[in-house]
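Novice: Sequence:
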Amino acid sequence: MKLNLNLLAALLLTAGTLQAQFKFERKISEVTATNWYSIELPIQLHQRVKPDFSDVRIFKSDNDSTEIPYFIRIAANAQLRQPVVLEPYNTSRQGTVLFFTIKPNQKLKLNQVFLEFEQATYDAEVTVEGSNDEKEWFTIRSSRILSLTDPVAYTYNQVNFSGSRYNYIRFAVNNKTALTLKRASFYQSKIKSGNFALVDGTLTAKTVDKKTEFFLNFEQPVLISQLSLEAAPHQLFYRTISIDWLADSTRTDKGTYYSYRNLYTGAVSSFQQDTLKFSPQVVQQLRVTLHNQDNPPVQVTNIRCWSPRVEIITHLQPGSYRLQYGQAYATLPRYDLAHFNNEIPDSLARLELSSELKPTQEVVTESHPWFKSKVWIWAALGAIILVLGFFTMRMLREP
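Read left to right, the sequence shown gives residues 10 to 408 (this note's numbering).
Derived by calculation from the structure, the hints in this document are not laboratory data.
Mixed in with the good hints there might be a few duds.
Stated by the list, open to error - Here are the in silico distance ranges between beta carbons for each label pair: (1) Ile149 x Arg359: 20 to 28 Å; (2) Phe280 x Val94: 26 to 34 Å; (3) Gln244 x Ala206: 52 to 60 Å; (4) Thr261 x Glu361: 44 to 52 Å; (5) Ser356 x Pro78: 44 to 52 Å; (6) Arg174 x His300: 40 to 48 Å; (7) Arg153 x Asn176: 24 to 32 Å.
We put the CB at the ideal spot given by N, CA and C, even for glycine.
Build out the structure end to end from the sequences listed, making use of the hints.
Specialist: Structure follows, in structure tokens:
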């Protein structure tokens with residue numbers, strides 16, 4: 010009984026060891042000084058790891074099994090807005106055109122305003138003008154704002170402009186019906202762009218049941234967080250859009266069933282073709298759906314996708330290290346390093362990864378099996394017969 014328990018424990022230990030193995034490995038360039046480091050993960054690596062990167066580990070190259078703490082940083086555009094408190098004055102109206110003026114703060118160069126009105130729906134043209142004496146006005150920017158409630162709630166009330174060289178700025182809001190200004194919020198806005206790579210894919214489309222579906226297929230799984238839809242010029246449209254990714258497929262007698270999961274739902278229009286942003290997701294196929302209702306399909310010339318830069322941030326001492334990944338049973342590690350984000354310098358030293366090493370299960374050591382020799386075979390059979398004979402005689406002698 011004791012022997013059986015020992016064998017069972019050995020088998021469980023072996024199984025646990027196999028589960029803990031990582032399938033892939035890359036060497037990290039030599040570390041020569043204690044410092045914070047950044048290691049960029051190549052796009053080709055995304056297909057090897059779990060979607061949340063929970064199966065990525067750093068170890069020393071001397072077969073030390075101690076994990077080196079790190080955390081993952083995924084690139085994103087950061088918009089920094091600083092409010093500028095200004096009170097509109099000289100509010101007036103000529104027909105359906107609403108006018109109001111502000112005197113900018115010269116210390117804070119405002120360049121953005123969000124307009125709110127008492128009315129729930131509007132489709133207005135906003136003209137921004139600048140002047141130094143409130144007598145002669147010069148056009149700075151013309152922009153369109155829109156607020157709809159059907160078929161989905163959609164509001165675009167942002168106007169960007171650059172009027173820092175003028176002492177006064179006037180806004181003229183032209184709508185079919187008169188609008189009443191509820192609030193105007195001014196900002197100094199700056200965008201800190203993240204690092205993204207344009208990802209090429211194969212685009213196909215079909216229109217059925219008052220909707221157009223675009224399918225974007227990639228050669229390999231890639232991490233996607235931004236998408237832009239490029240429409241042919243001279244089209245006026247406002248459509249509900251949904252972006253889904255292919256999570257699974259099942260073959261049945263009636264055909265293949267595809268299971269999609271949603272990434273983004275919103276609206277797109279001809280006057281605002283911004284880049285759509287969503288949570289990063291590793292995908293190999295995207296489905297983009299435009300709901301046409303009773304309108305003709307939108308002529309789309311291209312759909313572009315961007316993959317954010319993914320980097321590992323870690324603090325290393327001099328030595329050799331390796332990156333391992335590809336383990337189905339791994340869970341997201343919990344390191345203290347994640348609590349020291351404020352201590353990480355803006356500029357980080359870069360480390361490079363080697364090419365991918367072969368998966369552990371494919372590494373086969375050439376062997377010379379002993380059973381190719383007949384002498385060894387007969388010797389083994391003889392030993393087995395002797396052992397069986399010994400235990401048989403022992404059992405016969407026992408009362």
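Novice: Could you run down the list of hints and mark each one as holding or not?
Specialist: Each hint, compared with the structure:
1. Ile149 x Arg359: 20 to 28 Å: 42 Å, violated
2. Phe280 x Val94: 26 to 34 Å: Cβ of Phe280 to Cβ of Val94: about 30 Å, so the range 26 to 34 Å holds.
3. Gln244 x Ala206: 52 to 60 Å: Taking Cβ atoms as reference, Gln244 and Ala206 lie about 29 Å apart, which means the hint is violated.
4. Thr261 x Glu361: 44 to 52 Å: 46 Å, holds
5. Ser356 x Pro78: 44 to 52 Å: 21 Å, violated
6. Arg174 x His300: 40 to 48 Å: 44 Å, holds
7. Arg153 x Asn176: 24 to 32 Å: Given range 24 to 32 Å: holds, Cβ gap about 27 Å.
In this structure, the hints that do not hold are numbers 1, 3 and 5, in rising order.
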